[in-house]
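A.B. asks: One letter stands for each residue in the lines below.
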Amino acid sequence: MEIRRRKNQIEISELDPFLAELLRQIPASADTEGAPAAEQRIFSPPANGKERELCAEWKVYVEPELRRLFQTSTQTVGADLEQLNGNEKTLANRTLRIPTKHADAWLNALNRARLVIAVKNNFTELELNDHLRSPIGSRRDLSLFQVNFYGFLQEFILRELDF
Amino acid sequence: MSSAPLAAEVAVSPIPRLPKNATPYTIAAPTIEKETRAEEALDLPWHVVVHNDPVNLMSYVTMVFQRVFGYPRDKAERHMLEVHQKGRSILWSGMREPAELYVQQLHGYLLLATIEKVS
Chain D
12 MEIRRRKNQI
22 EISELDPFLA
32 ELLRQIPASA
42 DTEGAPAAEQ
52 RIFSPPANGK
62 ERELCAEWKV
72 YVEPELRRLF
82 QTSTQTVGAD
92 LEQLNGNEKT
102 LANRTLRIPT
112 KHADAWLNAL
122 NRARLVIAVK
132 NNFTELELND
142 HLRSPIGSRR
152 DLSLFQVNFY
162 GFLQEFILRE
172 LDF
Chain E
19 MSSAPLAAEV
29 AVSPIPRLPK
39 NATPYTIAAP
49 TIEKETRAEE
59 ALDLPWHVVV
69 HNDPVNLMSY
79 VTMVFQRVFG
89 YPRDKAERHM
99 LEVHQKGRSI
109 LWSGMREPAE
119 LYVQQLHGYL
129 LLATIEKVS
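Chains D and E, in that order, give the protein sequences. For the record, in the first sequence the residue sitting at position 79 is 90 according to this note's numbering, with numbers rising by one throughout. For the record, in the second sequence the residue sitting at position 99 is 117 according to this note's numbering, with numbers rising by one throughout.
Since the hints were made in silico from the structure, they are not lab data. C-beta: ideal position from N, C-alpha, C; glycine also. Check each hint, because a few of them may be wrong.
One-sided and incomplete, this derived list gives chain D residues near chain E with beta-carbon spacing under 7 Å [as the list claims (entries may be wrong)]:
#, residue
1, Ser-55
2, Pro-57
3, Ala-58
4, Val-73
5, Leu-77
6, Asn-122
7, Leu-126
8, Ala-129
9, Gly-162
10, Gln-165
11, Leu-169
12, Glu-171
Build out the structure end to end from the sequences listed, making use of the hints.
C.D. replies: The following block contains the structure:
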């Protein structure tokens, strides 16, 4: 896989079917439905328990806005990922082009996906910092690889945004 | 921020003018109304606190601090490191309304952020 900036796009080329599939899983991975712990992390309270009124108002007024923001990000990423639609054979050496104007949506969706996967698997800080862990021998290993792969993409996008 | 005085304000009803041929009468003492100050006006400062989350990338957190608070990179990195090493950092202090807006923005970036009243 190669990743580079080309004018107003971030180009991920020579994508093998495995990595292409991981990319296609971003929207589903970022979804908190059926995972209360992940839902609680993504929509964490804005204050401690003493500020009941504030937390209640937040649920009514702010949380719906956050849900809309996250939904829009997911939709943008999902639309970009349509470039990868096709059967396994055609996925070989595919190229994904992400318009730089979609970078914020990608950062958001990737971060959400990483958080949701981490909560679902209850990863420890030690595991999350073990970037050299290999090979993938279990579903848990695969999830950790997914978190790190999405993190790598985030790092690249951030670098290209010059932050 | 408004420049409302700290002392309670006093509103005095104006004394009505009488016509020249009017019968004199006694007017009641002016009503003095003590204005109850809005809670916000007496509001203590609030802190915007960001808490550590091992999943969020350091570079991402730095970028969020730069964007949300307009901090230069070195200041944003200092706060990021404080979050990472001490578990939390106070990013901003001030009135409740802007503090809530900052926390809302930080949640939009998936950071663990809370608003805390200064004790």
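A.B. asks: Could you run down the list of hints and mark each one as holding or not?
C.D. replies: Each hint tested on the structure:
1. Ser-55: 6 Å, holds
2. Pro-57: 5 Å, holds
3. Ala-58: 5 Å, holds
4. Val-73: At 5 Å from the nearest chain E Cβ, Val-73(D) passes the 7 Å test, so the hint holds.
5. Leu-77: Holds: closest Cβ of chain E sits about 6 Å from Leu-77(D), inside 7 Å.
6. Asn-122: Holds, because the Cβ-Cβ distance from Asn-122(D) to chain E comes to roughly 5 Å (cut-off 7 Å).
7. Leu-126: 5 Å, holds
8. Ala-129: With a minimum Cβ separation of about 5 Å from chain E (threshold 7 Å), the hint on Ala-129(D) holds.
9. Gly-162: 6 Å, holds
10. Gln-165: With Cβ-Cβ at 6 Å, under 7 Å, it holds.
11. Leu-169: For Leu-169(D), the interface hint holds, since the closest Cβ of chain E sits about 5 Å away, which is under 7 Å.
12. Glu-171: 12 Å, violated
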